[in-house]
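Peer 1: Protein chains in written order, with our numbering: chain A, 1 to 761; chain B, 1 to 761.
Among these hints, one or two may not hold up.
Because identical chains cannot be distinguished in the list, a pair is counted as satisfied if it fits within a single copy or across any two copies.
Once the Cα atoms are required to be at most 20 Å apart in a straight line, the calculated EDC-like pairs of lysine to aspartate or glutamate come out as [to be verified]:
1) LYS599 - ASP62
2) LYS722 - GLU694
3) LYS306 - ASP295
4) LYS117 - ASP739
5) LYS693 - GLU721
6) LYS187 - GLU730
7) LYS722 - ASP695
8) LYS348 - ASP361
9) LYS495 - ASP289
10) LYS183 - ASP739
11) LYS269 - GLU435
12) LYS187 - ASP739
13) LYS333 - ASP289
14) LYS269 - GLU421
15) LYS74 - ASP62
16) LYS366 - GLU350
Please keep in mind that the hints were generated in silico from the structure rather than gathered at the bench.
There are 2 protein chains.
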Amino acid sequence: MAISSLLLRPCPPILPTKPTAENSHRCYTSNRLGLRCLTCKNSLRKETAETSPPIGATLFSDSEYKHSWLEELKRACPPEISSQQWENDDEKFRELVDKRGVDNVRMLILDSVNHAKAGHPGMALGMAEVGYFLYRHAMRYNPRNPKWFNRDRFVLSAGHGCLLQYVCLHLAGFQSVQIEDLKRLTKLGSRTPGHPENTITDGIEVTTGPLGQGVPNAVGLALAEAHLAARFNKPDVAIVDHRTYCIMGDGCAMEGISHEAASLAAHWKLNKLTLIYDDNHNTIDGSTDLAFSEDTSARFQALGWKTITVDLRNGELKLFENALLSAYGETEKPTFIRVKTTIGKLSKKEGTSKAHHGTFDEDDVKQMKQKVKWENHQPFHVIPMIYREMQIQADQGEKLEAMWTSKLHYYQTAYPEEAAEFNALLHGGLVPGWESSLPQWSITDPVDATRGYSEKCLNQLAKVLPGLIGGSADLASSNKAYLHDCGDFQRQNYKGRNIRYGVREHAMGGISNGIALHGGGLIPFAATFLIFSDYMKNSIRLSALSHAAVTYIMTHDSIGLGEDGPTHQPVEQLAGLRAIPRLLVFRPADGNETAGAYKVAVANRDVPSVIALSRQKLAANVEGTSSDAVERGGYIVSDNCGEELPEIILISTGSELCLCEASANLLRKEGRRVRVVSLVCWRLFDRQPQEYKEDVLPSGVSKRLSVEAGSPLGWREYVGEKGSVLGVEEFGASGAYLDAFKKYGFTEENVTRIAKSLLSC
Amino acid sequence: MAISSLLLRPCPPILPTKPTAENSHRCYTSNRLGLRCLTCKNSLRKETAETSPPIGATLFSDSEYKHSWLEELKRACPPEISSQQWENDDEKFRELVDKRGVDNVRMLILDSVNHAKAGHPGMALGMAEVGYFLYRHAMRYNPRNPKWFNRDRFVLSAGHGCLLQYVCLHLAGFQSVQIEDLKRLTKLGSRTPGHPENTITDGIEVTTGPLGQGVPNAVGLALAEAHLAARFNKPDVAIVDHRTYCIMGDGCAMEGISHEAASLAAHWKLNKLTLIYDDNHNTIDGSTDLAFSEDTSARFQALGWKTITVDLRNGELKLFENALLSAYGETEKPTFIRVKTTIGKLSKKEGTSKAHHGTFDEDDVKQMKQKVKWENHQPFHVIPMIYREMQIQADQGEKLEAMWTSKLHYYQTAYPEEAAEFNALLHGGLVPGWESSLPQWSITDPVDATRGYSEKCLNQLAKVLPGLIGGSADLASSNKAYLHDCGDFQRQNYKGRNIRYGVREHAMGGISNGIALHGGGLIPFAATFLIFSDYMKNSIRLSALSHAAVTYIMTHDSIGLGEDGPTHQPVEQLAGLRAIPRLLVFRPADGNETAGAYKVAVANRDVPSVIALSRQKLAANVEGTSSDAVERGGYIVSDNCGEELPEIILISTGSELCLCEASANLLRKEGRRVRVVSLVCWRLFDRQPQEYKEDVLPSGVSKRLSVEAGSPLGWREYVGEKGSVLGVEEFGASGAYLDAFKKYGFTEENVTRIAKSLLSC
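Chain A with its partners taken away, still in its complex shape:
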């Protein structure tokens, strides 16, 4: 029987995403030897046996396989369980096979940590049941194509437990994690770094480690699925349909970012999101009693989650399976499964924070191995049948992918228009010619704030980029970051492309990372005031580290925002953001530069960007700015020097560029050779060839003045030893924009004064 027809048979789903006539048949799993539908008991083993073996797996005939397990279980089973109890009891047999799988996961964790002499075994050992069950029975993935679009997404928010995931990826047949990789845990250049990194290891969806971040990542992945499903699925065919799983620990549960994200997930009723809370009652400093007394389940209920508690301390996988089944049946709420576990399970340190990280002593290792009858195995031993066990799930994934591909073909025939758009998204979402949609402005257009120009760019892009989606942390109107006619993403309208984050900047960053890394071609933007980049700094950093191409739209970008005062006036934020590796920070000076910034930001699909924009209307339009020049980071805006070198160069960004231009014009009238340079993106300028940089900022010109209403930090690089930096070295002050600008010297008069004093040196 071909898999496709198998999958169309009308047996009820066991681990369904959401039971529908259409998808009920890819929900089978195997809870017995081989591949078999849990409910209708139809054996699917034949198909499994036909597939290629997993890496490291030993091939067995069916009879050999069963026989080998019998031998293994007789050897390893606790003496109180006689073999008669399970030899002819399929359920019990399956239970013991799974138990042995969990043992194997634990032993690989133990061996890896002790071999590397580093790592965090505590959570990994405690959650072995969960990891094993997810990869063996629950999740849909294809190790031969880890990027298969419709795979389930898994996020390990408690990233320090990555060894659990590495071991599961290895057993499941992901090429990315071989035994040799486990041996190189945390070592330089390994594929098994100390925290999971999506850019290094196939099978890792997002980079985690900073606690709490994985929760919004998972919410973003689930949001992306809900959005794409709403847009593209049809009554007769669902081409977007996967679940999202996230494991979080006590630390994640304490971090505010997880509270924010959890509140939004419930607001959006993302019912295909399952959050698994490793409730092991320990953090680094000791028992959670030290600082954590809340009723976490009740809190999640108050937020609007379905909550389930499962005690896995005795290894009863059935309890966890039931919890997942219950989650799958939920249609209105995301599900929070609180799993009680024992940190450092098996070790003499178990149940204490001492097991959180570090190795085990020889005696402990010996006892741990004895407890699971492992003492005669070499380190990194894998029971050969375990590879085959995991292969069953992997094979299913491969078949699911094949089925999904068939569906996609059908979809292309039945819905060619939608299919074209979907296809564009699968290829990154950049429709040819999208750049030409960006508006252009001329010197005679009315002057606006750069946030005003941004609004026009964003809305033009929304028309041509099907994947553009995003929102603001309750400042859509102030940030001018609302996509008109695109609707709000809400439960009743998952098609909506405006995301209402509420006042939750940090979750917004983490969710945007999830959307960007979903792989569905979505192009997320996230908007707030520049000052509140402070609230989401770590998420922005993770965008850059994990190659999540989020566009951060940050308005009210200087003391020029005026009356709201120093709590809202960014000063040091640009410097702090510029220091983040890989991140592109733009501070455009007008409409054309704003369009140019968007062009670079959108075009680079593995680099995040910050576009800093003014609240206040610019003082004037500037002739000579350029959209195309933005990609070089810095360029000459105006110059009256002809073949000669300028006497002085005024370098600026954003809303201060027009001050420089005005001042330059004044000096030029006095006969001075003055150049004005826009340094709209430092990093891009730094990457230009030396000749270009020399052309723009000739080393022969030592009289340079930088003008930017922010921290002076870093400007010396561009003005040189003899240049001057006009910046803001204090916190700003409440006051009208022009008063605040005057107080800190950002007037044409003061710029001219400093320039003249440089010229007279």
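We have chain A; now place chain B onto it with these hints.
Peer 2: Frame of chain A; chain B shown alone:
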């Protein structure tokens, strides 16, 4: 009857902090004309009348006063309430007086916003009842001494509603807010900036505006009270005994930082903390339905709070009074009062987000005034009797302070030893000679990580500084930031000086700010990994802005932390922190510099500091470092140049200084004149006189190399145009410390190589 004897009469308290025989009599309030105990009904009016008049108040004889109110109420009372209903009904009369007080608060808000053409009237108008009631009936304060130690603390976490507080401060008689100040709302240099700033306006306890921050500030204030009360109160005399109030809005309720802080407040059972939630169902972008569906009260219950809901939309103050009474009676939990209000109350924009900020049009203003019979008053009108009303509360505060002072005298006699310590705290907590407790190290001492040196400094300081208190975000052991033998701050031991924050960096920052600004002489420290400064960036900024002298102990300060990889390896954090105005960022190179950093950090009681410390053991001790030199920010560590200029200067910080020293020694052996400079705190060095800076970094030496395992941003300032910067321009990598250091060039060999290439130019 003297106030002191009045206060000793055995009538039960009405608005007690916590009823005890000792304090039951300062709990009186006035809910009728004049001052009267709500419960025993004894009039206290005589005492009140004898006090000096409030600023702007008109003096009345008692009969005039009552008469004037009768006239006012007859004029302003809604026609449906006949004067017979209240003329002889004290309760009703008081209710109407209070109602008129609330009207007056609203009208001042309206006038101020319209006069300034800026500000946020929405929340201020909606919460007028709460503001009025707190300042008129509930809070204990003395406008003539706003810093009175035992005052109740009030935090406006929804800082944009500051106009409500400004108006209340004005009516209550605080010199800091005159009518002229209200007229200058948000204007440059005014005492009424766009968000409340404690360094500008007496009566403002903490600087708020960034949403959510006020909640941990309030938790910190309540923690400080609980700690000091536990240490100093005696069975017969309580010298530390005040409540803490905090108003938060929907935005604060969404921000993760408030979730973190609320979880801790309940864990610590800070029952004297009252959090008032302005549930007006609106944020900037619209109805909270857009992004906020949770059951906030249930969430707070799950965290461990007592919760009360009050509907104030009809102005029934009695409901709020009852809620406060209930909060005062709670001995085990902090109290969360959810107050339903109408944003922009009175305006035609009321109940909508349009009322959040901005002015009102002429027609609206007219109607608003008509609604409260205010149409015949000039702008900024204050009913004269309102000043006198508020004066009653202010007079009480003055008397309470006098009583507290008497108590303190008694305490000094009865408990001289504790009194001496308490007195030291009241004067800032710096006991003479405290600096000498700091350890010193010699070149022959075993080499440690700088976090190890920090541990010793911190523990020595704990012995001599009675106010040193702080903790870590679940990394006490890794940060080595635990005060041995000082106990944990927990409900059963408020005396403990180690605060267990759990994994809640952002709340830790905000709570530390509250502790620092409590005024009880506490010297807070807050510890985490340097990378997680990202999670608390805005709180650190607010420390600097609000002069909260928190010492941030940030370990694992570079890629040198090793195996945990790039998610945990700070790269750009030092640059970002150095850009924050006022903040002192230290990166000490050994034990002596660590001691020096603590010395400066502790000595400066209005400036926060970050001390960045290594996880890894230093490569070697360095001869020539100095504790005393740290206060100059940078100094010469070693030099073989005699009277000549060096050929090259190696500039470094922290764990890389010993690399430079080793490299310098090698170059010196080859006959080179090499200077090594430690630039332990850029800001302090920048503040030195030009000659000193020239002595350390002579402009004649252009060959300079900076070596710091972090972002190069900013180093150009010190190495000059021709110098080289060895920094980290990418994210780090998982790997053993020495492997990671080698990968990025932080080896003696590479430093020497670069130095030589500079020398050969």
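Peer 1: Within a copy, between copies, both or neither: where do LYS187 and ASP739 come within 20 Å Cα-Cα?
Peer 2: Between copies only: 9 Å across, 55 Å inside.
Peer 1: For LYS693 vs GLU721, is the C-alpha pair at or below 20 Å within one copy, between two copies, both, or neither?
Peer 2: So LYS693 and GLU721 pass the 20 Å test inside a copy (17 Å) and across (15 Å) alike.
Peer 1: Up to 20 Å between alpha-carbons, please classify LYS269 paired with GLU421: within, between, both or neither.
Peer 2: Answer is neither; intra-copy 26 Å and inter-copy 55 Å both fail.
Peer 1: Within a copy, between copies, both or neither: which one fits LYS333 and ASP289 at a CA-CA cutoff of 20 Å?
Peer 2: So LYS333 and ASP289 pass the 20 Å test across copies only (17 Å; inside, 29 Å).
Peer 1: Regarding LYS599 and ASP62, is the shortest C-alpha distance of 20 Å or less found within a copy, between copies, in both, or in neither?
Peer 2: neither (58 Å within a copy, 74 Å between copies)
Peer 1: Treating 20 Å as the Cα threshold, decide for LYS495 and ASP289: within, between, both or neither.
Peer 2: Intra 43 Å, inter 18 Å, cutoff 20 Å: inter-copy only.
Peer 1: Within, between, both or neither: how does the pair LYS366, GLU350 come out at a Cα-Cα threshold of 20 Å?
Peer 2: The answer is within: 15 Å in one copy meets 20 Å, while 71 Å across copies does not.
Peer 1: Within a copy, between copies, both or neither: which one fits LYS117 and ASP739 at a CA-CA cutoff of 20 Å?
Peer 2: between (60 Å within a copy, 15 Å between copies)
Peer 1: Within a copy, between copies, both or neither: where do LYS187 and GLU730 come within 20 Å Cα-Cα?
Peer 2: between (43 Å within a copy, 18 Å between copies)
Peer 1: Can you give me the call for LYS269 and GLU435, within, between, both or neither, at a CA distance of at most 20 Å?
Peer 2: neither (35 Å within a copy, 57 Å between copies)
Peer 1: Can you give me the call for LYS348 and ASP361, within, between, both or neither, at a CA distance of at most 20 Å?
Peer 2: within (10 Å within a copy, 73 Å between copies)
Peer 1: For LYS306 and ASP295, with the copy left unspecified, which applies at a CA distance of at most 20 Å: within, between, both, or neither?
Peer 2: Both ways: LYS306 and ASP295 sit 14 Å apart in one copy and 14 Å across, limit 20 Å.
This entry does not satisfy hints 1, 11, 14, going by the numbered hints stated previously.
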